[in-house]
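Please take these sequences and the hints and turn them into a complete structure.
Chains as they are written, first to last, in my numbering: chain A, 1 to 130; chain B, 1 to 663; chain C, 1 to 261.
The hints are simulated quantities; they were obtained by calculation from the structure and are not laboratory data. Check the hints yourself; a few may be wrong.
To be verified - Calculated pairs, DMTMM-like style, for lysine to aspartate or glutamate (alpha carbon to alpha carbon, straight line, at most 25 Å):
1. C:K216 <-> B:E469
2. B:K472 <-> C:E220
3. C:K91 <-> A:D37
4. C:K143 <-> B:E469
5. A:K57 <-> C:D51
6. A:K38 <-> C:D208
7. B:K407 <-> B:D550
8. B:K407 <-> B:D520
9. C:K241 <-> C:E253
10. A:K25 <-> B:D435
11. A:K57 <-> B:D435
The structure presented is a predicted model; accordingly, all values stated were derived computationally and were not measured.
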Amino acid sequence: MNNRVKTLTETALLISGVNPKKCMKCGKCSGTCPSYDKMEYHPHQFVSMVEKGQIEKLMNSASIYYCLSCMACVERCPRGVEPGKLVEAVRLMKIRQQDANHKNGNDIARIADENVPQQLLMAAMRKYRK
Amino acid sequence: MQKIGVFVCWCGSNIAGTVDVEAVAEALKSVPGVVYSVSYQYMCSAAGQKLITDAINEYKLDGIVVASCSPRMHENTFRKTAEAAGLNPYMVEIANIREQCSWIHKDKEEGTKKAIVLAKAAVAKLKNDKPLKAGTSQVTKRALVIGGGIAGIQTALDVADAGYEVDIVEQRPTIGGRMAQLDKTFPTLDCSACILTPKMVEASQNEKINIISYAKVEKVSGFVGSFKATIRKKARFVDETKCTGCSLCMQKCPSKKGKDEFNMNMNNRPAIYIPFAQAIPNVAVIDPEQCIKLKTGKCGLCEKVCAAGAINYKMEDELIEREYGAIVVATGFKPIDPSPLNEYGYAENADVVTSLELERLMNAAGPTKGTLLRPSDGKHPHEIVFIQCVGSRCDENTERGKPYCSKICCMYTAKHAMLIRDKYPDTNVHVFYIDVRTPGKNFDEFYRRAVEQYGVDYIKGMVGKVAKEGDKLMVRGSDLINNQQVEIAADLVVLATAIEPDPSARSIGTMLTASMDTNDFFTEAHAKLRPVESPTAGIFLSGVAQGPKDVPETVAQASAAASKVIGLLAKDHLVTNPCVAESNELMCNGCSQCEKVCPYGAITYIEKEVRGPGVREVRRIAQVNPAVCQGCGACTVACPSGAMDLKGFSNKQIMAEVDQICL
Amino acid sequence: MIYSYYPGCTLKDRAKQLDLNARTALKAMGIELKELDAWQCCGAVYPQTSDEIASRLSAVRALSDAENGKLITLCSACHHVIKRTNYDWLKDENFRTKATNYLKPEVPYDGSTQVIHVLELIRDEIGFENLKKMVVNPLTGRKIGAFYGCMVLRPGKTLAFDDPENPTIIEQFIEALGATAVTYPYRNECCGAYVALEDKSAAETQVDRALNSAVKAGCEELITACPLCLYNLVHNATANKLPVKYFTELLAEALGVKEGE
Numbered sequence: 001m002n003n004r005v006k007t008l009t010e011t012a013l014l015i016s017g018v019n020p021k022k023c024m025k026c027g028k029c030s031g032t033c034p035s036y037d038k039m040e041y042h043p044h045q046f047v048s049m050v051e052k053g054q055i056e057k058l059m060n061s062a063s064i065y066y067c068l069s070c071m072a073c074v075e076r077c078p079r080g081v082e083p084g085k086l087v088e089a090v091r092l093m094k095i096r097q098q099d100a101n102h103k104n105g106n107d108i109a110r111i112a113d114e115n116v117p118q119q120l121l122m123a124a125m126r127k128y129r130k
Numbered sequence: 001m002q003k004i005g006v007f008v009c010w011c012g013s014n015i016a017g018t019v020d021v022e023a024v025a026e027a028l029k030s031v032p033g034v035v036y037s038v039s040y041q042y043m044c045s046a047a048g049q050k051l052i053t054d055a056i057n058e059y060k061l062d063g064i065v066v067a068s069c070s071p072r073m074h075e076n077t078f079r080k081t082a083e084a085a086g087l088n089p090y091m092v093e094i095a096n097i098r099e100q101c102s103w104i105h106k107d108k109e110e111g112t113k114k115a116i117v118l119a120k121a122a123v124a125k126l127k128n129d130k131p132l133k134a135g136t137s138q139v140t141k142r143a144l145v146i147g148g149g150i151a152g153i154q155t156a157l158d159v160a161d162a163g164y165e166v167d168i169v170e171q172r173p174t175i176g177g178r179m180a181q182l183d184k185t186f187p188t189l190d191c192s193a194c195i196l197t198p199k200m201v202e203a204s205q206n207e208k209i210n211i212i213s214y215a216k217v218e219k220v221s222g223f224v225g226s227f228k229a230t231i232r233k234k235a236r237f238v239d240e241t242k243c244t245g246c247s248l249c250m251q252k253c254p255s256k257k258g259k260d261e262f263n264m265n266m267n268n269r270p271a272i273y274i275p276f277a278q279a280i281p282n283v284a285v286i287d288p289e290q291c292i293k294l295k296t297g298k299c300g301l302c303e304k305v306c307a308a309g310a311i312n313y314k315m316e317d318e319l320i321e322r323e324y325g326a327i328v329v330a331t332g333f334k335p336i337d338p339s340p341l342n343e344y345g346y347a348e349n350a351d352v353v354t355s356l357e358l359e360r361l362m363n364a365a366g367p368t369k370g371t372l373l374r375p376s377d378g379k380h381p382h383e384i385v386f387i388q389c390v391g392s393r394c395d396e397n398t399e400r401g402k403p404y405c406s407k408i409c410c411m412y413t414a415k416h417a418m419l420i421r422d423k424y425p426d427t428n429v430h431v432f433y434i435d436v437r438t439p440g441k442n443f444d445e446f447y448r449r450a451v452e453q454y455g456v457d458y459i460k461g462m463v464g465k466v467a468k469e470g471d472k473l474m475v476r477g478s479d480l481i482n483n484q485q486v487e488i489a490a491d492l493v494v495l496a497t498a499i500e501p502d503p504s505a506r507s508i509g510t511m512l513t514a515s516m517d518t519n520d521f522f523t524e525a526h527a528k529l530r531p532v533e534s535p536t537a538g539i540f541l542s543g544v545a546q547g548p549k550d551v552p553e554t555v556a557q558a559s560a561a562a563s564k565v566i567g568l569l570a571k572d573h574l575v576t577n578p579c580v581a582e583s584n585e586l587m588c589n590g591c592s593q594c595e596k597v598c599p600y601g602a603i604t605y606i607e608k609e610v611r612g613p614g615v616r617e618v619r620r621i622a623q624v625n626p627a628v629c630q631g632c633g634a635c636t637v638a639c640p641s642g643a644m645d646l647k648g649f650s651n652k653q654i655m656a657e658v659d660q661i662c663l
Numbered sequence: 001m002i003y004s005y006y007p008g009c010t011l012k013d014r015a016k017q018l019d020l021n022a023r024t025a026l027k028a029m030g031i032e033l034k035e036l037d038a039w040q041c042c043g044a045v046y047p048q049t050s051d052e053i054a055s056r057l058s059a060v061r062a063l064s065d066a067e068n069g070k071l072i073t074l075c076s077a078c079h080h081v082i083k084r085t086n087y088d089w090l091k092d093e094n095f096r097t098k099a100t101n102y103l104k105p106e107v108p109y110d111g112s113t114q115v116i117h118v119l120e121l122i123r124d125e126i127g128f129e130n131l132k133k134m135v136v137n138p139l140t141g142r143k144i145g146a147f148y149g150c151m152v153l154r155p156g157k158t159l160a161f162d163d164p165e166n167p168t169i170i171e172q173f174i175e176a177l178g179a180t181a182v183t184y185p186y187r188n189e190c191c192g193a194y195v196a197l198e199d200k201s202a203a204e205t206q207v208d209r210a211l212n213s214a215v216k217a218g219c220e221e222l223i224t225a226c227p228l229c230l231y232n233l234v235h236n237a238t239a240n241k242l243p244v245k246y247f248t249e250l251l252a253e254a255l256g257v258k259e260g261e
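Right under this line is the structure:
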């Protein structure tokens, strides 16, 4: 692992509090994920790829914006790995970079229909931009 | 002044790798009382022992310290060496510089320093050692086997075969255990009952074996060779000596709402029942929770129809007291309740079943008479999903199940899948798995047959959720190999639930002072070298009580336990441990603290005339029965007046060790 | 009884019915919800990493301002964020220190506030048996399903709301109001959440699956505690559709105090 990869990996592990080594690769997280079909990389792959230092691939994948934070994988993981937290950490690492907002406030306002609740707008603001 | 010899072992590089053994031997030379100190590659070898023997003779040693591995390994070896050289064997002290030093340190300087301290502490203790003489105790030539499953039956048969009497205490109304509930057994697919029932019959016909069913061990006292057990035989309300097992009472009993435990509560049974056709003893039992007569005083139908006059509604529990030389724990297992893992919907859906329930659903004596039908609507299932590792291999902090692999599930699931495909070729069978673990003779071949010959669909991945949709169970899981999330519309879902020790195990363990692990499996005396013995002398382990096992392994272990029992019962006398507690009459204040903490019941209080300087009066004082005392030392710590002491581990000796380490 | 209450942004706008009916219904049951004097948006999503401090501060302020050690929440999202932040406050010293340094409060929050959802309030402080007695318009004959969604249930250990896989609290609530509670397996799954903004199909799949399952099970209407779930269930269903209401509307209706549409 080069230094950049090492730093990214350490950051992801530190801020998520996830220990990917606890994973037994059973795939239950991916078996339960409602966004599975929308994701290029699936929850179990997040765990494995972070462990192997392939974080940039994940940061540059739209998969990070498809996690619903529904906590189903966190709840059902038999090893207590909490994949959802790792997805969140990688997403934050992406949007915290300069000019790396997935969508800005105007984009969000533009695509929102007239019925969306404030809760959705606020959630999108938090998930898509810094 | 005593003359002490010190022998420092290298244990190859085990000790010498992180401890400068020569420096240790050298350092000990300057300790007052040490007249000889040497190091050697393998002290336990014949040459090493000769080194000790020669030194004892040459230097006229009074005692020796061997700085080596744990006393659990070679204390006995060196005591025998010393004894052969004319020394009292209890004038040998072991300084554990391997497990407690070299193996846990990396820094050689640190390790060497610690090894020197440990050896010096042993010398300090040795200086306070007194020669001790071991006594003997009798061996009662009868064994108690707790649990009448295949493990208990096999152990009992083997012990009886050697000519000793055995009592099997079984908590259920019949022996047979879990194996009696199985339909077929892997990897040969022979009918479980067909191979088990001959053994059950053999046990019942063996003159040396006494089956005490519907009973539990309530109290155990004593020690290896002479245990005393109190067994509560629950009231059956049916006279065992009269009942012929004709089952007429079962047909006439008007109360039919009892849950059939043998069929995993999937159908009802009458209040008076025989658990299954081949039950042993083949004697009915009345369930007092269901019996109308016992609850309301009215009915009495079974009594009227019983030609043998065996019914007795006034029967009471019976207490049996017997003595045993050895006790075998064969308490077995139960599958976990998968209800808390509710994403599988076990609690809400009748068609989500455990593997043991499936055994009954496939068995000719089961609730569906051997035709595989769904519990909800009695229809044939055409799409069946098996889920492996349900409640096994979980992280302990998740509260989702057991941390261990239950070992038997991969194989029984392959068996179920194969049997279903064989009998119902129009039924599709899918198995969600994490790993398929088949380390056993002909096991992997068996699993491959399920896949290759019988076309069972193995899917690598776990199931996230089982959802009921109409009369289908929608099983959503991952297929890791195909990188897909899959959904299968199933008719029946089978959970390969983890197994756990029978709930009775914990209280039995406590009663026997036999140690258990955090999962309530009994701990063996040594994980590799003494796998069928408990660390508590005279207690032996048979079957799943010790850890998850399949039938062949259980039988092998049961026979191994039996051979250990036979080895014990073959002796007329046992050499007792002389390191027992002793109470100083003059110092004892009669407070009873020691009696309360003694786990072996070795301490009694007596009124005795005590004589000493300026004292002559009758006092209430503690007295230790050296034959019962196991030398655990609990009383010496509890004693507030300092009257209680442990031979070989006296307060003075321990303080001398501590002083040496701390000063 | 008067309880401190955190309504949240959505309840002031799109989800007015959730808020208004809660106030009037609870008032009819002898409970007054006293809105916190100053509250800010909870942030709608709980930031799951340990270094997100600022996005959890509004929750800390609300927890700190609650009187008598109890804070009542109603919106699933607000409940989720505030309850999890409260959990962090007790478990994570780093967060506690940093948040306190940032807020510089006169009296630091001591972690003792209990976050209570209105459903929990009804279950634990009033009791479903008592609720049953207060009903004036029993909803007899109506077949109602609950849509829990994720946020009140998971993670189960932190939310400690109900069994996360087989919850029953809303079903008990429905039964107490005299209606028939219909259970269906997808009631605790995600509605598609905020992803609907960018990709409607994500919500459509989820909502359709839930609604199909609810309809098959015999539901004729659904209730929820979450404005986002309601939005997705109503606006992103492509096949089966069911009327969806907030649970407080149903409550007010049964108690005979329903606010106008």
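Hint check:
Taking the CA atoms of K216 (chain C) and E469 (chain B), the gap is about 7 Å. The hint holds against a cut of 25 Å. Between K472 (chain B) and E220 (chain C) the alpha-carbon distance is near 21 Å, which keeps this suggested pair within the 25 Å criterion. A distance of roughly 35 Å separates the Cα atoms of K91 (chain C) and D37 (chain A); the hinted pair therefore is violated under the 25 Å criterion. For the hint linking K143 (chain C) to E469 (chain B), the alpha-carbon distance of about 17 Å falls within 25 Å, and the restraint holds.
Of the pairs offered as hints, the one joining K57 (chain A) and D51 (chain C) holds, with about 22 Å between alpha carbons and a cut-off of 25 Å not exceeded. Distance check on the hinted pair: K38 (chain A) and D208 (chain C) sit about 16 Å apart at the alpha-carbon level, within 25 Å; holds. Taking the CA atoms of K407 (chain B) and D550 (chain B), the gap is near 8 Å; set against the 25 Å cutoff, the hint holds. A threshold of 25 Å between alpha carbons decides the hint, and for K407 (chain B) with D520 (chain B) the separation of about 16 Å falls inside it, so the pair holds.
Only pairs whose Cα atoms come within 25 Å are accepted, and K241 (chain C) paired with E253 (chain C) is accepted, the gap being roughly 22 Å. Restraint check for K25 (chain A) and D435 (chain B): satisfied, since their Cα atoms lie roughly 9 Å apart, inside the 25 Å limit. The suggested pairing of K57 (chain A) with D435 (chain B) is violated, with an alpha-carbon distance near 28 Å, which exceeds 25 Å.
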